[in-house]
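Colleague: As a plain string of letters, each chain reads:
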Amino acid sequence: MKNLWVFGLIIFSVAACDSQQQAVDTAAEKPAAVKAAPVVAKVAETQDFATLIQQAEDLYTQTEGVKHAWTINLDRLKDARLAAEAGDMDKAVANAEEAIKLSRLALKQAESEKTQWRARVPQ
Amino acid sequence: MKWINLSALFLASIIAVPAQADSLADSAANPATNPEADRQALRNLYQQKFPNIGLADFKDGVYAIDAKMREQWLELEDFPPYEIAIDEGEELYNTPFANGKSYADCFGDDPGIKHNYPLFDQARGGVVTLEIAINECREENGEAALPWLVGELAQISAYMAYNSRGKNFDIKIDSPEAVAAYADGKQFYYTRRGQMNFECGSCHQQKVGQMLRAERTSPSLGHATQWPVYRGRWQYVGNIQKRFQECNIQVRAVPFEAQSEEYRNLEYFLTYMSNGMELNGPGSRR
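Keeping their order, the protein sequence lines are chains A and B.
Residue numbers for the first sequence follow the numbering used here, so the first one is 1 and each next one is one higher.
Residue numbers for the second sequence follow the numbering used here, so the first one is 124 and each next one is one higher.
A hint or two may mislead.
Straight-line distance between alpha carbons at most 20 Å, and here's what the computed SDA-like set of lysine to any residue pairs gives [as the list claims (entries may be wrong)]:
id: 1; chain 1: A; residue 1: K67; chain 2: B; residue 2: N320
id: 2; chain 1: A; residue 1: K108; chain 2: B; residue 2: K295
id: 3; chain 1: B; residue 1: K224; chain 2: B; residue 2: G248
id: 4; chain 1: B; residue 1: K172; chain 2: A; residue 2: T61
id: 5; chain 1: A; residue 1: K114; chain 2: B; residue 2: A155
id: 6; chain 1: A; residue 1: K67; chain 2: B; residue 2: S383
id: 7; chain 1: B; residue 1: K295; chain 2: B; residue 2: L242
id: 8; chain 1: A; residue 1: K114; chain 2: B; residue 2: E384
id: 9; chain 1: B; residue 1: K172; chain 2: A; residue 2: R120
id: 10; chain 1: A; residue 1: K114; chain 2: B; residue 2: M319
id: 11; chain 1: B; residue 1: K172; chain 2: A; residue 2: V121
id: 12; chain 1: A; residue 1: K108; chain 2: B; residue 2: Q310
id: 13; chain 1: A; residue 1: K108; chain 2: B; residue 2: F321
id: 14; chain 1: A; residue 1: K101; chain 2: A; residue 2: T51
If you're looking for bench data, these hints aren't it; they were derived computationally from the structure.
Source: prediction; values computed, not measured.
The following block holds chain A by itself, in its conformation from the complex (with noise of 0.2 Å):
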């Protein structure tokens, strides 16, 4: 996280050094700081959207391996990707989220069918 904060600023110093002018005219610290937030969780998102869609794609992988995949979540997968192409993060994070949640239950369902389906065997 700490690294993120850094990797921010310095963003927002480069941006900074191109207009003299802007810097002059906003000496004091806080309108500086309040820049340089949009820059820095911009930043936060897209990695934090690294980590989850990874996540997201790892778990649906897992799924696949137990023969239960669910078509809705290759639609959350791809909504997502696009969503972050777009440079809608907050969609994008959402829908890996929602993919997340849902390869889960798809594993419990794997997990606790392999021995309820026998109940439902006709004697």
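Starting from the known structure of chain A, fit chain B onto it as the hints suggest.
Modeller: Chain B in isolation, oriented as in the chain A frame:
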């Protein structure tokens, strides 16, 4: 060297112990699979659910249990939409391969052999569907395999099914390996899948005959008799595994590949449930 052998033995013993415990636990929870008892139990279920319908009538699928739909279906059968597929299949079947041989060299003089499929091939240790047999015949004679679900392969099976009309399914399960493939298909059938958390029997046994998005669900008994099928929605003839995929997708489960081990074993199980019943394919469905 000695050390390596000993450690290998040690490793083997710790791996073997849990495996053995596992299989013991499994066989305790898993009484020997008896396909014939399963088939009888299913027939009894339908006898109880539909006391006024003869078991042989379930070869007509949903039209066995819905008089109004049956009437429309019989009207349609006057000009059956699968007729073209039979004709095209016949022509394909009788056209010699480039090497001068033909399907008859693989299957004999009577193309009506669908009642024996799927079969378990002991040599390869797996289930062989009619579609696999057709494609293997092609490949043995230097022809390319055809796509599994629709098109020429479905037309050839339509022609073979037509020639099998009136024969009864004679599916054999006569080795421990064949029983294992059947058991796998049976487990697949009764396992809930997809986000909707349904197994095949949810719609085709428990809720059989109920309306589901403007379709009445058909009985599982007789589910194998009429393939391939011309469906109004498809506007062409397709094979049973296409239907498996659609039913998986309906419950939001990712479908399996056509002719995958999963679907071959499923088809083996499902067809065995129709064993002894009359074939009446190709069929037409809405």
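Colleague: For each hint, tell me whether it holds in the structure or not.
Modeller: Do the hints match the structure? See the list:
1. Annotation: proposed proximity of K67(A) to N320(B) holds, straight-line Cα distance about 14 Å (limit 20 Å).
2. For the suggested pair K108(A) and K295(B), the alpha carbons sit about 35 Å apart, so the restraint of at most 20 Å is broken.
3. For the given pair, K224(B) sits about 28 Å from G248(B) by alpha-carbon distance, which is inconsistent with the 20 Å threshold.
4. Of the supplied pair hints, the one linking K172(B) and T61(A) is violated, its CA atoms being roughly 41 Å apart against a limit of 20 Å.
5. A hinted pair counts as satisfied when its Cα atoms are at most 20 Å apart, and K114(A) with A155(B) qualifies at roughly 17 Å.
6. Restraint check: the Cα-Cα separation between K67(A) and S383(B) comes to about 12 Å, which is no more than 20 Å; the hinted pair holds.
7. With a C-alpha separation of about 7 Å, the suggested pair K295(B) and L242(B) falls inside the 20 Å cut-off, and the hint holds.
8. For the hint pairing K114(A) with E384(B), the CA-to-CA distance comes to about 18 Å; that is within 20 Å, so the pair holds.
9. The straight-line distance between the Cα atoms of K172(B) and R120(A) is roughly 16 Å, inside the 20 Å bound, and the hint therefore holds.
10. At most 20 Å may separate the alpha-carbon atoms for a hinted pair to count; K114(A) and M319(B) meet this at roughly 17 Å.
11. Simply put, K172(B) and V121(A) have alpha-carbon atoms about 15 Å apart, close enough for the 20 Å limit, and the pair holds.
12. Annotation: proposed proximity of K108(A) to Q310(B) holds, straight-line Cα distance about 17 Å (limit 20 Å).
13. Pair hint K108(A) plus F321(B) holds up; C-alpha atoms about 14 Å apart against a cutoff of 20 Å.
14. With a C-alpha separation of about 15 Å, the suggested pairing of K101(A) with T51(A) holds against the 20 Å cut-off.
Of the numbered hints stated above, those contradicted by the structure are hints 2, 3, 4, listed in ascending order.
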